[in-house]
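Chains A and B, in that order, are what the protein sequence lines are. Anchor point for the first sequence: position 60 equals 60 in the numbering used here, and the numbering is continuous, going up by one each time. Anchor point for the second sequence: position 99 equals 99 in the numbering used here, and the numbering is continuous, going up by one each time.
Hints listed in this document are in silico derivations from the structure and should not be mistaken for laboratory results. Because the structure is a prediction, the values reported are computed rather than measured. Each hint should be verified, as a subset may be incorrect.
What the hints assert, rightly or not - Straight-line distance between alpha carbons at most 25 Å, and here's what the computed SDA-like set of lysine to any residue pairs gives:
(1) B:K9 with A:T62
(2) A:K75 with B:M94
(3) B:K10 with A:E27
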Amino acid sequence: MEKTIAGKSVAVNEEGYMTDLSQWSPEIANELAKESNLELSPRHFEVLEYLQTQYKNEVPLTIRRVGASGVVDIKEFYALFPAGPLKISSKIAGIPKPASCI
Amino acid sequence: MSEYNGEIKKMMIILSKATLDSVYAAFVLANGARMEGIESEMFFTFFGLEALHKEKMEDLHVATVGNPAMHMPTMLGGLPGMEALATHMMKKEMDKLDLPGVKEFVEILSASGVKIWACRLAMDMFHYKKEDLAPELDGVLTVGDFYQRAQGLGTHMLFI
Numbered sequence: 001m002e003k004t005i006a007g008k009s010v011a012v013n014e015e016g017y018m019t020d021l022s023q024w025s026p027e028i029a030n031e032l033a034k035e036s037n038l039e040l041s042p043r044h045f046e047v048l049e050y051l052q053t054q055y056k057n058e059v060p061l062t063i064r065r066v067g068a069s070g071v072v073d074i075k076e077f078y079a080l081f082p083a084g085p086l087k088i089s090s091k092i093a094g095i096p097k098p099a100s101c102i
Numbered sequence: 001m002s003e004y005n006g007e008i009k010k011m012m013i014i015l016s017k018a019t020l021d022s023v024y025a026a027f028v029l030a031n032g033a034r035m036e037g038i039e040s041e042m043f044f045t046f047f048g049l050e051a052l053h054k055e056k057m058e059d060l061h062v063a064t065v066g067n068p069a070m071h072m073p074t075m076l077g078g079l080p081g082m083e084a085l086a087t088h089m090m091k092k093e094m095d096k097l098d099l100p101g102v103k104e105f106v107e108i109l110s111a112s113g114v115k116i117w118a119c120r121l122a123m124d125m126f127h128y129k130k131e132d133l134a135p136e137l138d139g140v141l142t143v144g145d146f147y148q149r150a151q152g153l154g155t156h157m158l159f160i
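Same shape as in the complex, but just chain A (with noise of 0.2 Å):
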C-alpha cells in the first residue's frame, strides 16, 4: 500500500513499515520518528545510517550486533528508541521489521 509521508508517496506495509529504502529521506525518517513520539537528533541518523547498511549487507539485526557495532550500546540504544529499539528504529530506517527474538 502507499502512504504519504512528508509530502511524498511511499509504499509501505500494513504495519506501516516502508517496503523500499530507496524512497527513504531524512525528511521521512523525522516524520515516522514523529508517529513514535521521538524527535531525531544526529545519533538517531548515525544509528540509522548502520542499520541500513546492514540491512544492504543482508546482515540479520539482533541487539546484541548491534551493541557490539561500535556505532552504539545497548544503553544508548534503548535510550534513543526506548519504545523498542530494534522495531522502532528500522521503521524509521525504512528497512524491514527485525525478525529477531534477541
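Given the coordinates of chain A, work out where chain B should sit on it, guided by the hints.
What follows is chain B alone, placed relative to chain A:
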C-alpha cells in the same frame, strides 16, 4: 472507569532453575520484553541463583536425566560425559543463532534495562554473598519486596 486495554506493561520473571534451557528461556523472555518496550524484572531464586554466580554462571548444563525431551533412556543420560555432550551440542546450536553466553547475556539484560534481583532466602540458604554474584545485580529482595515491585495494571508474572 479504567481504560486499561489489556496491554502488557511489565514482565516479572522468576528463575528457580539453573539448567541451561530454563535459564535461556527466562533470559530470552526478559530481553524480548524490553525489545518491545515492556518493562522487565528478573528474580533469581533457589538454583536459579547459579545463573548469576560468578564462578558457576559460565558452566551451566542441560539436564539429561529426568528430561524426556532428550529422547534417551534415563540410564544412558546418567552415564559419565552424557550431560557434557548434550550441553556441548546445545551450545553449538546457540552459537549459530548468535545467542550470547550466560555472562554476556546478563550484561545485555542489564544494559537493556532489565532489573536483576536475587532472592534473600535463597542467598541465605546457599550462603552466597552479594560479591559472589555478577556485578549487574541490582539488589537482594524478599518475596514481599518483589511483589511490591510487581504492582500496577498490566504486570504479568512468570515462574520458570
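Results of checking the hints against the structure:
no.: 1; hint: B:K9 with A:T62; verdict: holds, 22 Å
no.: 2; hint: A:K75 with B:M94; verdict: holds, 24 Å
no.: 3; hint: B:K10 with A:E27; verdict: violated, 34 Å
Comparing the model with each numbered hint stated earlier shows that hint 3 is the single one that does not hold.
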